[in-house]
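Colleague: Residue strings, one per chain:
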Amino acid sequence: MAQGVWTIAEQREGEFRKITYEVVSEGRRLADALGQELVAVVLGSNMKDKAGELAQYGADKIIVADDPRLEPYTTDAYTAVLAQVVMEGDPAILLLGASAQGKDLSARLSARLGVAMAQDCTAFSIEDGNLVATRPIYAGKAYAKVTYVNSLPQMATARPNVMAINEPDTSRSAEVVDAAFNLDDAELKTKVVDIIKDEAGKIDLTEADKIVSGGRGMKGPENFKILEELAEVIGAAVGASRSAVDAGWRPHSDQVGQTGKVVSPNLYIACGISGAIQHLAGMSTSKVIVAINKDPDAPIFQKADYGVVADLFDVVPALTEEVKKYIQE
Amino acid sequence: MNIVVCVKQVPEVADAELEITKDGSQIDMEDLVMTINEWDNYAVEEAIRLKEATGGKVTVITLGDDEAEDILRRALAMGADDAILMEDEGFEGSDAFGIARGLLEAVKGLDFDLLLTGVQSADDGWAQVGLLMAEWLELPFASLVIKVESVEGDRIIVHRELEANQLERVELPLPAALTIQTGINNPRYVSIMGIRKVRNIEIKELSASELGISEKDVGAEGSSIAQASLSLPEEGEGAEILTGSMDEICEKAAQIIRERGGVA
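Residue numbers (this note's numbering), protein chains in the order written: chain H, 1 to 329; chain X, 330 to 593.
Only chain H is shown next, with the shape it has when bound in the complex (with noise of 0.2 Å):
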């Protein structure tokens, strides 16, 4: 009978991405909630070592499948790979990050395994013994709670930042065994020719804790900087809306909403953008959302936690200059 919970780390370059924290963690509580063992499963080039790190978030069991071939993602290896470690370990629930990655690989693997998945979940229990998932559908116009009908394993991927990471625990370790597959290069259709990369040591919008973003407000592309000020101040992520990347002011990679990335930062600074549905889907699930706009009407208010109904020229480079003051005390 399938039994424990399974989840999938996600590297890049050999270092684990939050996402595969947030994952771990999230599968030790459901672990505990079945009463059963959490196995954390490293795919990678030489991650045996760091691997066992995932022990301290509260994997029992950590699983690495170690080729050269799988050091930079590609959907078929990790595919070819995954599945036939999931059928030999035969978990009750399998959990993915609904990252790029994730995304990505998620529904190759469930076609492969032939189970359903549930997409970009905020919340997760255990209920009679079986999942439940939470996930935002119509643009976050509403949830929708669903359980599976004779699948196995029950399959999910978890929304990017709203899983509470554990405290790390050092006392934990973890039994670290290596998988055993077969991948066999007629598999490997799809190259990785590169990856192109924008400015270095921009913080990613999907991984961020804090992010400023500015909208149609901004009215040009060179006021973005008043916004880069305030995000370097205290080390936010600067985002666009969707009519400021329309307008070609920022790149598409920028974009926060239902159509680019779908953010859940502790805080979030929106700045002259109204608050389009389309906006929000990417954004409310935020903790703390601080809206500046001078249309007092503007529904970014009624999502907002705190709201300053004002020009965004008057209060960014007061607030910036503002906070400068309490850093520097």
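Not one of these hints is a red herring.
Heads up, simulated PhoX-like pairs for lysine-lysine below, C-alpha to C-alpha not over 20 Å straight-line:
#, chain 1, residue 1, chain 2, residue 2
1, X, Lys380, X, Lys476
2, X, Lys581, H, Lys294
3, H, Lys145, X, Lys351
4, H, Lys294, H, Lys219
5, H, Lys18, H, Lys287
6, X, Lys386, X, Lys526
7, H, Lys287, H, Lys141
8, H, Lys225, H, Lys324
9, X, Lys581, H, Lys287
10, H, Lys18, H, Lys50
11, X, Lys386, X, Lys437
12, H, Lys50, H, Lys61
13, X, Lys476, H, Lys197
14, H, Lys18, H, Lys48
15, X, Lys581, H, Lys324
16, H, Lys18, H, Lys197
17, H, Lys325, X, Lys581
18, X, Lys476, H, Lys191
19, H, Lys48, H, Lys61
20, X, Lys351, H, Lys141
21, X, Lys386, X, Lys533
22, H, Lys18, H, Lys202
23, X, Lys533, X, Lys437
24, H, Lys202, H, Lys225
One-sided and incomplete, this derived list gives chain H residues near chain X with beta-carbon spacing under 10 Å:
#, residue
25, Asp120
26, Val233
27, Ile277
28, Tyr306
Simulated from the structure, these hints should not be mistaken for laboratory data.
In this text, all values refer to a predicted model and were calculated from it rather than measured experimentally.
Don't be surprised by glycine CBs; every beta carbon is placed ideally from N, CA and C.
Here the structure of chain H is known, so what remains is to put chain X in place on it, guided by the hints.
Modeller: Chain X in isolation, oriented as in the chain H frame:
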């Protein structure tokens, strides 16, 4: 190059007040206006651009009711050559597997080099249909495609949008499947005149039963995911508006940033 694009009709929810049906199982669609799924619109545009550059033809397919013909006509007006409507009530309540199974049967018989879908749908957002079909058709695929760099011979190079401002350049042999991200292009405007011009193009209709799809495999009955309950998010009280002079407002806001954002 021959390209097949799977499109979906979805309700426009931006300005709509959603309501849940009395039995609590679904969103009430009665008063909602239907439109083409946004990601799919970009996929149709990309297909037409590729066709314009390389020749071949574009076929659009949807699974839906009579009304779904609208989005097919729209795609034809944009420049697609053929349209297929898979109509069957049996598909209602399908999960991603059910939808993909239905589309697969229609796609299987077509001769194509590229199979495109949007990254996800705006309604259920499973983000799986294109990938499921790719797996069953044993096609190489790339998701989240934000640029088609080149098509040479039987290979295509595309850019995938990852996080952290990274793009991945991937090379795939054709035939291949891609899921298209918004922002890849600027979809052309469709005028009423344009739609009128294509009103006589015949839309091929297929039904699930004709294609040998069993009702047990699609629709709510064929789903491996069951919707236990639906809820609407709470309205919330709205923002606490900070008041006072500009200095006072900034001081309060800075305090919120410090305390809630953990800025030291």
